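Chemist: Listed below, chain by chain, are the residues.
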Amino acid sequence: MTDFGLSKEHSELRETVRRFAVDRVAPVIADFYDRHEFPYQLVKQMGAMGLFGLPFPSELGGMDGDYLALCVALEELARVDSSVAITLEAAISLGAMPIFRFGTDEQRKRWLPSLIAGENLAAFGLTEATSGSDAGRIRTTARMDESAGEWVINGGKVFITNSGTSITSLVTVTALTGPDEISAIIVPSGTPGFTVAPGYSKVGWCASDTHELTFDNCRVPAENLLGERGRGFAQFLSILDEGRIAIAALATGLAQGCVDESVRYAQQREAFGAPIGSYQSIQFMIADMESRAHTARLAWRDAAARLVAGEEFKRQAAIAKLHASTVAVDNARDATQIHGGYGFMNEYPVARMWRDSKILEIGEGTSEIQRLIIARDLGMK
Amino acid sequence: MKIVVLVKQVPDSGAERNLRPDDNTVDRSSANNVINEMDEYAIEEALRLQEAHGGEVTILTMGPERASESIRKALSMGPDGAVHVLDNALSGTDALGTSRVLAAALQRINPDVVLCGAESTDAGGQVLPHMLAERLGIAALTGARKLTVEGSQLTIERQTEEGYEVVTAATPAVVSVWDTINEPRYPSFKGIMAAKKKPVETLSLADLGVSAEQVGWTGALTGVASHSKRPPRSAGQKVADSGEGGVQLVEFLTNEKFV
Chain G
1 MTDFGLSKEH SELRETVRRF AVDRVAPVIA DFYDRHEFPY QLVKQMGAMG
51 LFGLPFPSEL GGMDGDYLAL CVALEELARV DSSVAITLEA AISLGAMPIF
101 RFGTDEQRKR WLPSLIAGEN LAAFGLTEAT SGSDAGRIRT TARMDESAGE
151 WVINGGKVFI TNSGTSITSL VTVTALTGPD EISAIIVPSG TPGFTVAPGY
201 SKVGWCASDT HELTFDNCRV PAENLLGERG RGFAQFLSIL DEGRIAIAAL
251 ATGLAQGCVD ESVRYAQQRE AFGAPIGSYQ SIQFMIADME SRAHTARLAW
301 RDAAARLVAG EEFKRQAAIA KLHASTVAVD NARDATQIHG GYGFMNEYPV
351 ARMWRDSKIL EIGEGTSEIQ RLIIARDLGM K
Chain H
1 MKIVVLVKQV PDSGAERNLR PDDNTVDRSS ANNVINEMDE YAIEEALRLQ
51 EAHGGEVTIL TMGPERASES IRKALSMGPD GAVHVLDNAL SGTDALGTSR
101 VLAAALQRIN PDVVLCGAES TDAGGQVLPH MLAERLGIAA LTGARKLTVE
151 GSQLTIERQT EEGYEVVTAA TPAVVSVWDT INEPRYPSFK GIMAAKKKPV
201 ETLSLADLGV SAEQVGWTGA LTGVASHSKR PPRSAGQKVA DSGEGGVQLV
251 EFLTNEKFV
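So the sequences go chain by chain: G and H. With UniProt numbering applied, the first sequence closes on residue 381, and no number is skipped along the way. With UniProt numbering applied, the second sequence closes on residue 259, and no number is skipped along the way.
Source of the hints: derived by calculation from the structure; they are not laboratory data.
Within a straight-line C-alpha distance of at most 25 Å, the following computed DSS-like cross-link-like pairs (lysine-lysine) qualify:
| id | chain 1 | residue 1 | chain 2 | residue 2 |
| --- | --- | --- | --- | --- |
| 1 | H | K198 | G | K8 |
| 2 | G | K8 | H | K196 |
| 3 | H | K190 | G | K44 |
| 4 | H | K2 | H | K196 |
| 5 | H | K257 | H | K238 |
Some residues of chain G that are not near chain H, with every Cβ distance over 12 Å (derived):
| id | residue |
| --- | --- |
| 6 | V28 |
| 7 | T104 |
| 8 | E106 |
| 9 | M285 |
| 10 | E290 |
| 11 | V329 |
| 12 | Y342 |
| 13 | E368 |
| 14 | L378 |
Chain H side only, calculated, beta carbon under 10 Å to chain G, not exhaustive:
| id | residue |
| --- | --- |
| 15 | R72 |
| 16 | K73 |
| 17 | S76 |
Note that this is a predicted model, so its numbers are computed, not measured. Cβ coordinates follow ideal geometry from the N, Cα and C atoms, glycine included.
For reference, chain G alone in the conformation it holds in the complex (with noise of 0.2 Å):
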């Protein structure tokens, strides 16, 4: 049976990560997302508390725990601050999961154990500017020169995290490597001809880091290949699929810090004579939006429990993605909206989650191709 109460390791683990969003990030993240910088220090203290090797085992530096103990960890740093959470996700989701999952024992070896300790970060490429949800259909192309032993690639990858920081390492891209072939191949940081352009501005997650990349005749090894050659989209899609569980339990987060903000803010503001809190419009509004916040976290504990469990977990982890991600939406708006015209102002919290909400609708698969898997897993074609 699917157990919804955290273990008392997973809870002191969850506690632990609160500390630190409340007392580390919560405190100075403001000026970086301001500044639309990315905050190492942060990154290094979280590195230092093992968070870049939950789900990995001590072997390679990990911390032999389990997609749980990240999701926990997602939620509750999300709670505060979205962009080091999704820094966090994106790190070990897209970026060292893969390696660990596809790599030969060579590839762990050489690019896990700095990844895992949090000194490096990893992206994945497979976003283009032409092909979005329709991922199948990119354009980017690597070619095998056989006398050099040689990956040529070119193309460009459009909204790649973690791609462009002084401490990243490596970008793993999809790219056709035949006619209707996708593969994926290890692009390290700094190979000639692979440009990482700018950080974008975005609207939210502006303490992230996110760039456009640009393979011009970028030239690696055979071996950089990871996994089967043509195994590609098979093997980006498995990640996405429990990717989609992380999502779920940061858009929670998110949801969750929406009240913690609201609620606070609700009993010290007055209007009327009387703190706004004390109005049923309030209550009612923030009761509404405890309770979608607790019904995200039931979503994507289910699907988190299944995983863990060997379980299938395929059609929970979309409908977790797409109802945790519309709650994060919706409480940032309600919040937002407590707030008055202090909510719309960037030093506010909410401010910021509202900003960072709507992302959650389409990073990692929008919520129509939620939809889409779920019909489909209920045997719609």
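Dock chain H against chain G, hints included.
Modeler: Same frame as chain G, now just chain H:
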């Protein structure tokens, strides 16, 4: 190097705390009980000493059954094991009695360095490190904001209101630390998992050769006669500026030792 860190479980200083009306002791049943904040700095300092000089770190706690929760949390930061002095007769023990029990436990472990927080957030007496050192006949290096070890020589920067004093002593010694000494680490998930399996030795008063009459209510030489709620804040001092308001402000800040 053998290091013992004294860890006390206290009611969360962030929450509302009360004394019990019947016996004037801290009401621990309603409170959220946590590791005394200053003790986390002592644990961190111990782990840094261990990383630099090797040896082992042991947590020593005197407290009721529920203190084992704090012991486990302390162990999740990295120490090797713990000793829990647990005995029903300990209820009501004052600082002198506590120092008697802890000194007996320390004699059993025989450490080179005893690290502890400079004060606890509940009683705040700051007397225990001195009492322990006196009972054990070893040096007390108290109120450290920095600790260095060279061979068997310990050197601290003792924080004072005006600055600091450099104090040295040979091991064994008791060192109490303030929260300026370091930045305690957050336990990792691996640390949390590992803490479950670390050895925790439970000792009774009989194990330590301390008689029940010397501790608890009967053995207490000090006690709280009565208590009352903190009075509401009085109005602050108003400075009217008639030319030398700035001077008055600076005088106030200097007198109150803000600058």
